[in-house]
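Dock chain to chain to rebuild the complex, using the hints, since each chain is given by itself in its own frame.
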Amino acid sequence: NAGVTQTPKFRVLKTGQSMTLLCAQDMNHEYMYWYRQDPGMGLRLIHYSVGEGTTAKGEVPDGYNVSRLKKQNFLLGLESAAPSQTSVYFCASRLTSGSYNEQFFGPGTRLTVL
Amino acid sequence: GNSVTQMEGPVTLSEEAFLTINCTYTATGYPSLFWYVQYPGEGLQLLLKATKADDKGSNKGFEATYRKETTSFHLEKGSVQVSDSAVYFCALGAFSGGYNKLIFGAGTRLAVHP
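If you're matching them up, the sequences are chains A and B in order. FYI, in this note's numbering the residues of the first sequence are 97 to 210. FYI, in this note's numbering the residues of the second sequence are 996 to 1109.
The hints are simulated quantities; they were obtained by calculation from the structure and are not laboratory data. Just to be clear, a hint being listed does not mean it is correct.
Claimed, not checked - Here are the simulated EDC-like pairs of lysine to aspartate or glutamate, each with C-alpha atoms no more than 16 Å apart in a straight line:
no., chain 1, residue 1, chain 2, residue 2
1, B, Lys1055, B, Glu1011
2, B, Lys1047, A, Glu198
3, B, Lys1051, B, Glu1037
4, B, Lys1047, B, Glu1037
5, A, Lys105, B, Glu1011
These numbers were taken from a predicted model, which means no experiment stands behind them.
One chain only, chain B, in its complex shape (with noise of 0.2 Å):
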């Protein structure tokens, strides 16, 4: 079936540091890969995408790369604020079941202390 598995936080970080949240992946056919970003008291919404393998979906000074070789898409930021302090999720969409869906990862909280 299809699932997603994320690394578990949360990840507290100093500004400035760099950083990678771990994001892998079971899925039939090619998926369309996501990662979406939750600030506090908010709704969920969208960081960056790619659709299909080797694709770099990037937005805000975050990146990822699908990775079909090793069924990942980590997110990565060079350098990050205290204003990237979210949840960030990696999801999946993929047609299973009779329907487009998107499949979530558990969230990874992400702490950043000036």
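Isolated chain A, as found in the complex (with noise of 0.2 Å):
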């Protein structure tokens, strides 16, 4: 099992152009979620999804979209980067709703935008 993988590891955006970051998780777990990373604010929740083609909005959803065409893979869209877009981009998945589930994260992906 490789768990919850994140391609790319690392990327830099000049303002305004766009990207994709993939998520694939192979525990066959039904929801996703994606987190940016910012120092001294914990995690934030930008989008989520409760299973295959279905997405919802988190904490921080601006300037991202996000599509869950299959049930493996979650894609975090940046249409046009700006630099308050810099940051550590986690993308988690979980088995099953109920609050005790733990979320498996994935290794990160850290994007700068200059």
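Written out as structure tokens, the structure is:
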């Protein structure tokens, strides 16, 4: 089992460029999440999905879009990158709902927007 | 609302010292509580969890007790090692805003010196 994988690991963009971050999980999890991590702020939820074909907004969704066309993949898109989106992005997955269930995290993508 | 407050870091200790990282929470209902650890350059991984009051979670020599009366979930270890150097996140799992979510504290960086 690879668990949760993320592509790419690092990326540098110029303001206004677009990109897609890919998250893949091989654990047959229903729920998937995208977070951003900024210094001193913990992790903040961007978008999440409760199953194939579904997406929903989290705490900080502005400037991002997501898609979950296949159960194992969850894509995060930036249509027009801004310096405020410089961050480390983490994908996570969870088997089912239930606040007691742990989330499994990917290794992260470090994005810099110049 | 739901929130998590952790002690600010960094925490710097000598090897074999006793560790406490304080975590308090505010929540409606009965959340689950988690400690995640993030080693340098990696994603978060679950360290331990507790799902109801008075539960004690433990793993790798770390432990934390779910104290409903003081709304706390402090992380402790009797003798830290250099390999414990990492960032530790306290989190609560709750149903809020229409979905099951994890709410993270800001993280506490631990540095252990030989």
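Going down the list of hints, with the structure as the test:
Restraint check for Lys1055/B and Glu1011/B: the C-alpha separation of about 14 Å stays at or below 16 Å, so the hint holds. For a cut-off of 16 Å, the pair hint linking Lys1047/B to Glu198/A stands: about 15 Å separates their Cα positions. Of the pairs offered as hints, the one joining Lys1051/B and Glu1037/B is violated, with about 26 Å between alpha carbons and a cut-off of 16 Å exceeded. This hinted pair does not check out: Lys1047/B and Glu1037/B have alpha carbons roughly 29 Å apart, beyond 16 Å.
Only pairs whose Cα atoms come within 16 Å are accepted, and Lys105/A paired with Glu1011/B is rejected, the gap being roughly 35 Å.
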